[in-house]
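Asks: Here the protein sequences line up with chains A and B, keeping their order.
At position 182 of the first sequence the residue is numbered 182 (this note's numbering), and the sequence of numbers has no breaks.
At position 176 of the second sequence the residue is numbered 1176 (this note's numbering), and the sequence of numbers has no breaks.
Honestly, the hints are just simulated from the structure, not real lab data.
This one's a predicted model, so the numbers in the text were calculated from it and none came from an experiment.
Do not take every clue at face value.
Unchecked claim - Short derived list, chain A residues pointing at chain B, Cβ under 8 Å:
# : residue
1 : GLN118
2 : PHE202
3 : PHE222
4 : GLY228
5 : ILE239
6 : VAL253
7 : PHE255
8 : LEU256
The beta-carbon is built from N, C-alpha and C at its ideal position, and this holds for glycine as well.
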Amino acid sequence: MLPTIILIAGAVYCLIPVAWVFVAATKSRAQLFSTFTFAPGTGLIDNLRGLFTYNGGQFGQWALNSLLYAGVGALLSTFVSTMIGYALAKYRFRGQNVIFYGILAGVLIPGITLAIPQYLLLSAVGLAGSVWSVLLPSIISPFGIYLSRVYAGSAIPQETIEAARIDAAGEWRIFQSVAIPMLLPGMVTVFLLQFVGIWNNFLLPYVMLSDQSQYPLTVGLFTLLSKGSSSPALYSLAITGAAVSIIPLVALVLFLQRFWRLDLISGGIKG
Amino acid sequence: MSLRNPGAADAAQPVTAIPYRAAPARASRTGRRRPSMAPYLFSAPAIILYVIFMLIPLAYAVWISFTAYRLEGGGILGTKVQVFVGLENYFSVFSNSELLVSFGRMAVYGVIAVPLTLGLALLFALLLDVPAVRAKTFSRTAIFVPYAVPGIVAALMWGFMYLPATSPFSYITQAIGLGPIPFLNNPGLYGSLANIAIWGGTGFNMIIIYTSLRGIPAELYESARLDGASELQIALQIKVPLVRAALTLTAIFALIGTLQLYAEPTTLQPLTTTITSTWAPLMTIYQQAFATDDLPGAAAGSTVLALGTVIVSAVVLWISNRRTAASAR
């Protein structure tokens, strides 16, 4: 009985802020600071209208930007990681270990250590402040490459590749029509991890972008909040924006939960 | 693993003999063919991106950290030139009292956040693995939800739940005459910031540990159960040692996350005066890079941070390996 109670207490702890933000999104500006925090208000429609008309519909633009950075970035990242992961797991070649451990060490480099020089280097070639400055650095994911290698090592029997070679299939063709179908569950996992990672990223777009119309949701909501201290009306917008912005991602993660192979991460698969 | 030797393909040949093909010629060609370029071509996109967006920026940051901008010629005619100054910027990092104090704050935050995140993740994972526990799917899903919430949004939500005017917790304490809870003042602020990290990180780590637990064959527990061991004993004496690899991994992730503390204090900054613009090391480094144009200082600070991450991870791995070796004895 006690274990169930502890577990449910944990679930409640994790849901409280989410419940709070949805209730707070229904409150008008006056109600936000005056009524009991978990009492629903009457301002939902006004808040939503205010949010979606703020600065000529900028919130919608931010949401689309987030979708673009996370969607395209994660897709490219998945293909790049899958290709090298397959090569590292299924071939023996010179420099293999140097490449693998060199990339894996990249997990340890803090975002800021990279973001500042990345900004300077991208400025030098005129790309800082553009969509590319957020998209391109997001493609390389040491962790995604590590997972892809582990998955390729366990999911594709070497005999399958040898059999395809005996049928005289080219190496690219083997990858495309033999390996990819077997790698799909692993690819979905890498895609989701990257999608959530890029969607939730704050520092990189915050450093790179100066034009508000290119902001993703994280940086956009942060601007609303930091302006809020001088014009409190924006607090309601920031709260409503937070509520609206977590719906799609929570829905995506919950819906795709069963396609995740998170045992990849814990090493449940023997690679 | 190493099936790239030609012998393996030859050995497989009789089994996959295909009568309607010119088998011998094809076999010898397939057997000897070394797809030498293929792995490099498959790796090329990742390696190119790795070099451009990780290796070169890292090398560039390290290089800048050994230089400084100096005025040459003097007066308004002077030009700024970048000169090599050796370890000077590193001495500044370690003599910058504000930066050192912020490293101290980060340490206090980490000492609260990391053990609690991992402890709760392990606790919930073990509870999910107990057969008699109910409401598993609901609890697992609910605890995983914060993973999908960006750090900025988490900090924003908790920030309002800390703010006296909108906090449900302070509402209760005020109603019983105790006044608001000082979430956003020292020393409560450390706990409040750590709480945001714990809230956001527990679910993901729980899933990693839980999937690792699911990989353990159930027979391992059967004999212990027959011997009358309680679920608690099984959990502590059998399960925990077996998920040590997952725990090490989650510990490293949690520590890396601590060293990169930035979004949460930055988001709470508009809500309280206790968080200065140099509260966390990354905030100072960001200020140096983009507000005061002290790029070499920022580069030196972030290099120290990167080295710190490597050292901390190495220590965690070392402790974990030593324990594994000790328990194997």
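Asks: Are the hints correct? Go through all of them and say.
Replies: To see whether the hints hold, each was checked on the structure:
no.: 1; hint: GLN118; in the structure: holds, 5 Å
no.: 2; hint: PHE202; in the structure: holds, 5 Å
no.: 3; hint: PHE222; in the structure: holds, 5 Å
no.: 4; hint: GLY228; in the structure: holds, 6 Å
no.: 5; hint: ILE239; in the structure: holds, 7 Å
no.: 6; hint: VAL253; in the structure: holds, 4 Å
no.: 7; hint: PHE255; in the structure: violated, 11 Å
no.: 8; hint: LEU256; in the structure: violated, 10 Å
Violated hints, listed in ascending order, are 7, 8; each of the other numbered hints is respected by the structure.
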